[in-house]
Amino acid sequence: MNKRRWIAVIIAAGLFIFSIVVSAMTPREETDALAGINALLYGTNELAEFVEQEGNTNARIAHLYVDGAITNSGESGLFATEGYNHQSFLEQLKQVQYDSTIAGVLLEVNSPGGGVYESAEIAKEIRKIQELEIPIYVTMTNMAASGGYYISASADKIFASEETVTGSIGVIMSGVNYSGLFEKLGIEDATYKSGALKDMGSAARPVTEDDKKVLQGFVDSSYNRFVNVVSQGRQMSEEEVRKIADGRIYDGVQALDNGLIDELGYPEDALEALKVENDLESAEVISYDFSATGFASTWFGSKLAEMQGLKQTDSSRMMTLLESIGTPNAPKPLYYYGGE
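Mapping of the sequence shown onto the numbering used here: residues 2 to 341, in sequence order.
Calculated pairs, BS3-like style, for lysine-lysine (alpha carbon to alpha carbon, straight line, at most 27 Å):
no., residue 1, residue 2
1, K333, K213
2, K194, K333
3, K194, K213
4, K125, K276
5, K125, K244
6, K158, K95
7, K333, K214
8, K185, K199
9, K244, K214
10, K244, K158
11, K158, K276
12, K213, K185
13, K214, K194
14, K214, K199
15, K95, K125
16, K129, K276
17, K199, K333
18, K125, K158
19, K213, K244
20, K333, K125
21, K276, K95
Derived from the structure by calculation, the hints contain no laboratory data.
Can you make the complete structure from the sequences, with help from the hints?
Here you go:
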């Protein structure tokens, strides 16, 4: 056997011996022992700080990242998948609120948007930070469209590069209708419902005018909230926002011309401006993550965590994501560039 297989065998043997010892313990001792072994194997499930730039620890800048679609996988902590993790990011926003040494926030956004609810959750926590009079600067990198712009709109200052894809202000709800195909194949819909609109969005029957009216009204209501967020955040009238909020995208130069951003620049430019304009030149810059061991990222460690119920399986993760973004038969409104 190679080295990796030997390591796996040794760990498995150790866990077997440990399980025998645990079986002789009291429930409280068993819980404490399991917590200790899990911390040893995987690391802790608490946010850890990582220093990006040394500086004054009494007046610090939290560098936060939104990278990927804003959807809720239902995961948090050590075993969250790579990319954006909604629950983990909400924990970071709350940590900023609780930490009296945080004097500024740099939010780096690279996202095509995502769920209406998840975007609103982030915006709510950002407002709480601003109520503490902590300045928040946003730097948009590759893309900050739709929900990516929604969460950025209320920032004290927004930066984007000339190449940044932004805008796409609007809401989309999309599904697929198979009723015409079913008719050709001789397949009949057998749905029993308490009201005509109970199965709105069904792929198995033709869309009615009442369906369209209700669903469009639902989308329009979400759109109005988006317009209001941009209007307040950018100090523009709703009429001004609606003129540029037809779903189209803008590059950084166009976004600047339309009042959607404040300056052209990259993350380092936004960080420098945050420091200089808020007397934070000597501030320490930190970011957050979870403290994990290398074992947690191995195939064996991942499968062991699934067996212990510490990590979602691929199938359960997929089901959670589908519930978050909707399905063809039950579409959800999204602040998302390009649809589902």
